[in-house]
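Using the sequences and the accompanying hints, generate a full structural model.
Protein chains: 2
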Amino acid sequence: MDAVFVLYDQMTALDLVGPYEVLASHPSVTPHFAAVAAGPVRCDGGLVLHAGAALRDVPAPDLIVVPGSSRWLAVLEDSAELIAWLAAAHPAARWTASVCTGSTLLARAGLLAGRPATTHWAARGTLAAGGAIVRAERVVTDGNVITSAGVSAGIDLGLALAARLWGERAAMAIQLGLEYDPAPPFDCGTPEKAPPAVTAAVRAALTGR
Amino acid sequence: MDAVFVLYDQMTALDLVGPYEVLASHPSVTPHFAAVAAGPVRCDGGLVLHAGAALRDVPAPDLIVVPGSSRWLAVLEDSAELIAWLAAAHPAARWTASVCTGSTLLARAGLLAGRPATTHWAARGTLAAGGAIVRAERVVTDGNVITSAGVSAGIDLGLALAARLWGERAAMAIQLGLEYDPAPPFDCGTPEKAPPAVTAAVRAALTGR
Chain A
1 MDAVFVLYDQ
11 MTALDLVGPY
21 EVLASHPSVT
31 PHFAAVAAGP
41 VRCDGGLVLH
51 AGAALRDVPA
61 PDLIVVPGSS
71 RWLAVLEDSA
81 ELIAWLAAAH
91 PAARWTASVC
101 TGSTLLARAG
111 LLAGRPATTH
121 WAARGTLAAG
131 GAIVRAERVV
141 TDGNVITSAG
151 VSAGIDLGLA
161 LAARLWGERA
171 AMAIQLGLEY
181 DPAPPFDCGT
191 PEKAPPAVTA
201 AVRAALTGR
Chain B
1 MDAVFVLYDQ
11 MTALDLVGPY
21 EVLASHPSVT
31 PHFAAVAAGP
41 VRCDGGLVLH
51 AGAALRDVPA
61 PDLIVVPGSS
71 RWLAVLEDSA
81 ELIAWLAAAH
91 PAARWTASVC
101 TGSTLLARAG
111 LLAGRPATTH
121 WAARGTLAAG
131 GAIVRAERVV
141 TDGNVITSAG
151 VSAGIDLGLA
161 LAARLWGERA
171 AMAIQLGLEY
181 DPAPPFDCGT
191 PEKAPPAVTA
201 AVRAALTGR
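Protein chains in written order, with this note's numbering: chain A, 1 to 209; chain B, 1 to 209.
Simulated from the structure, these hints should not be mistaken for lab results.
Please note that a few of the clues may not be correct.
One copy or any two copies: either way a pair holds, since identical chains are not told apart in the list.
[Unchecked claim] Okay, derived cross-link-like pairs now, SDA-like style, lysine to any residue, Cα gap no bigger than 25 Å in a straight line:
| # | residue 1 | residue 2 |
| --- | --- | --- |
| 1 | Lys193 | Ala128 |
| 2 | Lys193 | Pro116 |
| 3 | Lys193 | Thr207 |
| 4 | Lys193 | Arg164 |
| 5 | Lys193 | Ala204 |
| 6 | Lys193 | Arg135 |
| 7 | Lys193 | Ala163 |
| 8 | Lys193 | His26 |
| 9 | Lys193 | Arg138 |
| 10 | Lys193 | Pro182 |
| 11 | Lys193 | Trp166 |
| 12 | Lys193 | Ala183 |
| 13 | Lys193 | Arg169 |
| 14 | Lys193 | Glu168 |
| 15 | Lys193 | Gly167 |
| 16 | Lys193 | Ala170 |
| 17 | Lys193 | Leu165 |
| 18 | Lys193 | Arg203 |
| 19 | Lys193 | Arg71 |
In structure tokens, the structure reads:
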């Protein structure tokens, strides 16, 4: 199956690399890394990824994966061509997936109107404004659209999708290959679990509010 | 602080992008993405990253992060220049970190002789042959060398290092920013937890044995 991993300037690298590492490891997947224009793409932390294709050259993938960005409001304003590609490519795709604020791009493309979806916790308002029914869950599946919470949640999304596509045994093998037996040092990975002052500081850094 | 994220052909992208996303998000960090030669680097799953610098141009970083590869034996044979750089740069570094089989490169550079370290579960034999005392742990810290288990463990390593460098509060903020509240779909992320047939299949795929 042809999988398009969508790249764009100011994207968050881990949003994409989590599900890529899970999904592209399966022998049935041919990965394509595509942006509005082929060439280098600078992530929000400085890492540069290379888009091997332009989106217009991969119009009908089986699987679409859209990452988010820590600057999602600016990205929404700058992504008309990417959003038009999503709206055109989704109807023929077997699965469309987003990680983190990638779901706000799906919403802008009209894919989430009245549908349950998730996003980074700090972007729930943006996603709701885009017409989705926001769920504060790590992975949300609705029909053939699967969305995840922020950044690291893309690994969980990838494994959930792998289990749907290839069965639990195959997904378990991928999880073991990635040695995904997480041991976070703190129990603070959601705003409900983190100390309120930490949540407030991160929210202010991300949203200015 | 100057952080060098080491790139090389056939590296595993998530090994690097996990700790990068954690560490480069701190305002004190200036990230450098460096390979033996500046330019494109093709990861083992097909994603292309861009090395903005040659290793010789960043000889004395404060922090070194070395990813692994699913083809670690071939990488060990092809990486003489990278290994020489590690041996030269480590003595002046504040911290040297490896993810997954990156520790086998550290060992080849002479950094782990008689020291405790970890690696991807399928590469423990290679790491032991390199002179390290292999620990089947997710993150191992010994002096100023910190090593992690396979692929996804680099996120846990990054957060452990962030806590050492900047305190627990700062590390918690980063963890919340990455929404790192993992929910793996299966409890099979180590060979001890996975069904034996799954472990055997993944080991054979990775090692041919």
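Evaluated hints:
no., hint, verdict
1, Lys193 <-> Ala128, "within (22 Å within a copy, 39 Å between copies)"
2, Lys193 <-> Pro116, "within (23 Å within a copy, 33 Å between copies)"
3, Lys193 <-> Thr207, "within (20 Å within a copy, 40 Å between copies)"
4, Lys193 <-> Arg164, "between (30 Å within a copy, 22 Å between copies)"
5, Lys193 <-> Ala204, "within (17 Å within a copy, 40 Å between copies)"
6, Lys193 <-> Arg135, "within (17 Å within a copy, 31 Å between copies)"
7, Lys193 <-> Ala163, "between (28 Å within a copy, 18 Å between copies)"
8, Lys193 <-> His26, "between (34 Å within a copy, 21 Å between copies)"
9, Lys193 <-> Arg138, "both (14 Å within a copy, 23 Å between copies)"
10, Lys193 <-> Pro182, "both (17 Å within a copy, 13 Å between copies)"
11, Lys193 <-> Trp166, "between (33 Å within a copy, 21 Å between copies)"
12, Lys193 <-> Ala183, "both (16 Å within a copy, 14 Å between copies)"
13, Lys193 <-> Arg169, "between (32 Å within a copy, 14 Å between copies)"
14, Lys193 <-> Glu168, "between (30 Å within a copy, 15 Å between copies)"
15, Lys193 <-> Gly167, "between (32 Å within a copy, 19 Å between copies)"
16, Lys193 <-> Ala170, "between (32 Å within a copy, 15 Å between copies)"
17, Lys193 <-> Leu165, "between (32 Å within a copy, 23 Å between copies)"
18, Lys193 <-> Arg203, "within (14 Å within a copy, 37 Å between copies)"
19, Lys193 <-> Arg71, "within (24 Å within a copy, 39 Å between copies)"
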